[in-house]
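Residue-level listing of the chains:
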Amino acid sequence: MRSMAYFPYFVAGWLMVMGAVGIVWSRNLVRAIVCLSVTQSGTYVLLLAIGYQRHAVAPILGAQDENTRPLVDPVVQAMTLTDIVVSAGVTALLLAIAVQVARRHRTTDPDQLSTLTG
Amino acid sequence: MKRLRWLVCWFGICTFGILLIFAIPGLPPVGDVSHPYRDLAVRAAVEHATANTVASVNFDTRAFDTLGEEAIFFTAVLGAIALLRPARHEKDRRLPHSGRVLASTRLAGYVFLGITTVVGWDVVAHGHLTPGGGFQGGIVAGSGLHLAYVAGNYSVLQRIRPLRLLEIGEAAGVVGFIGIGLAGLVCAGSFLTNFVPMGILGGFLSGGTVALLNAVVGLEVGCGVVMLLSRFLEQDLVMT
Amino acid sequence: MADVLMVGALLLTAATGTVTVLTREPRAQLMVLSSFGLVMSLAFLTLQAPDVALSQLAVGSIVVPLMTLLALRVIERHSRESPTKRGKP
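Protein sequences appear in the order of chains A, B and C.
The opening residue of the first sequence carries number 195 in my numbering; numbering runs sequentially from there.
The opening residue of the second sequence carries number 38 in my numbering; numbering runs sequentially from there.
The opening residue of the third sequence carries number 7 in my numbering; numbering runs sequentially from there.
Bear in mind the hints are in silico, worked out from the structure with no lab data behind them.
A hint or two may mislead.
Quick list of simulated restraints, FRET-style, between CB atoms [as the list claims (entries may be wrong)]:
#, chain 1, residue 1, chain 2, residue 2, range
1, B, Ala225, A, Pro304, 49 to 57 Å
2, A, Met198, C, Ser41, 22 to 30 Å
3, B, Ile197, C, Glu31, 14 to 22 Å
4, B, Leu139, A, Pro264, 26 to 34 Å
5, B, Ile58, C, Asp9, 16 to 24 Å
6, B, Val155, C, Leu11, 27 to 35 Å
7, C, Glu82, B, Leu242, 49 to 57 Å
8, B, Leu242, A, Tyr200, 40 to 48 Å
9, C, Leu44, A, Gly256, 27 to 35 Å
10, B, Phe228, A, Gln294, 47 to 55 Å
11, A, Arg263, B, Gly226, 34 to 42 Å
12, B, Ile215, C, Leu44, 31 to 39 Å
Here a beta-carbon is modelled for each residue, glycine too, at the ideal position from N, C-alpha and C.
I would like the entire structure built from these sequences, with the hints used as guidance.
Here it is in structure tokens:
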């Protein structure tokens, strides 16, 4: 089971790398935004993995049993929570920019955009 | 040009991978028992009688950070709405004629519209006790409103969605957050202090300001989501 | 047992994330993105994070794919309307 102790971190790293490759690979801006959200998902896994404890329960206190079983770390969960909501807002802003680009330039292919400026 | 881009990409990814392989053994192993911040956060939550320790961290110990994050969300929504304004030549708009909707779809849509709205605000109201809170409940209630479009048509959605009020609601959410913080400054001496009587752990009236902050965040996020989706829908349906 | 569940859910997360990146057709990609959000919220449940799972379920599998789908439709319409359209690669 020792070898499993670092496995979630590799999943987090894998998601970040795949998202980054996807951004470079994508031929239109919407795809790039979707890949960016995959990259960001890697950070959620990383944060939650740091706070996880084996045999611990979710960080909700019952009426009496707060000292009987350990809880997982609520601090990283709070960070992840706000991270997710902020990512929704930022994705919306990026999509709005992509729509604006399509309106102006009639395309969202980054390669064509470099030649169409002005 | 394209080859150069891939070269830079692979160089960056290989470097990142190598650094990651060196860095990961330095992290605490997953499932470890030592979590010093957890111990402090849980103690703080028990002291302030907040059963949901995540809400306690978000709206009590780290409330100032949450104000920053709420501001990011507010600004992002504002920016997206400004960018998606209809252009001048798109002003001659017509409402889309609604297609046929199956009676069963219509029924399910309206039933679930009610259920989602209630569940969303329930999640907000119990955010200090059970999993959930302002962020999640606001999103559930805000996006659930669009079941009216699935079930009926665009004009039904427009009727139950007073955009003018939602704009005010979104701003009121942010102002309310700051106002509760200032009330803490006046009553207890520092910004965003939990100054309301705490109650007992697990009771509905517990946690002090956590429940109040949950409510204003729910208002802000809910209104923000509806306005965002309304702008995207408007771009898609009404223009041209 | 809990560990097996967690590892399985994380493996599934990595797999769906990879498929999301590799899917070329934009609308198919959105469906995959939505299921990626769903799988991810299950993985968060196995990591004992119900708050985060709820948030991820609402944002990652509903709001973000929906906004992206609407934006995609608008963008497609703008690209199609274009008088100076260039050949797609």
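Hints versus structure:
For B/Ala225 and A/Pro304, the Cβ-Cβ distance of about 52 Å falls inside the hinted range of 49 to 57 Å, so the restraint holds. Evaluation of the 22 to 30 Å hint for A/Met198 and C/Ser41 yields a pass: the beta carbon distance comes to about 25 Å. Range check, B/Ile197 to C/Glu31: about 34 Å between beta-carbon atoms, so the 14 to 22 Å window is missed. B/Leu139 and A/Pro264 have their C-beta atoms about 51 Å apart, which leaves the hinted 26 to 34 Å range violated.
Under the hint 16 to 24 Å, the C-beta atoms of B/Ile58 and C/Asp9, about 23 Å apart, fit the expected range. A hinted range of 27 to 35 Å holds for the C-beta pair B/Val155 and C/Leu11, which are about 31 Å apart. Hint check: C/Glu82 to B/Leu242, Cβ distance near 51 Å, so the stated range 49 to 57 Å holds. Between B/Leu242 and A/Tyr200 the beta carbon distance is about 44 Å. The supplied range of 40 to 48 Å therefore holds.
Range check, C/Leu44 to A/Gly256: Cβ separation about 28 Å, and the 27 to 35 Å hint holds. Between B/Phe228 and A/Gln294 the C-beta distance comes to about 37 Å, which lies outside the given range of 47 to 55 Å. Range check, A/Arg263 to B/Gly226: Cβ separation about 36 Å, and the 34 to 42 Å hint holds. Range check, B/Ile215 to C/Leu44: Cβ separation about 36 Å, and the 31 to 39 Å hint holds.
Of the numbered hints stated above, those contradicted by the structure are hints 3, 4, 10, listed in ascending order.
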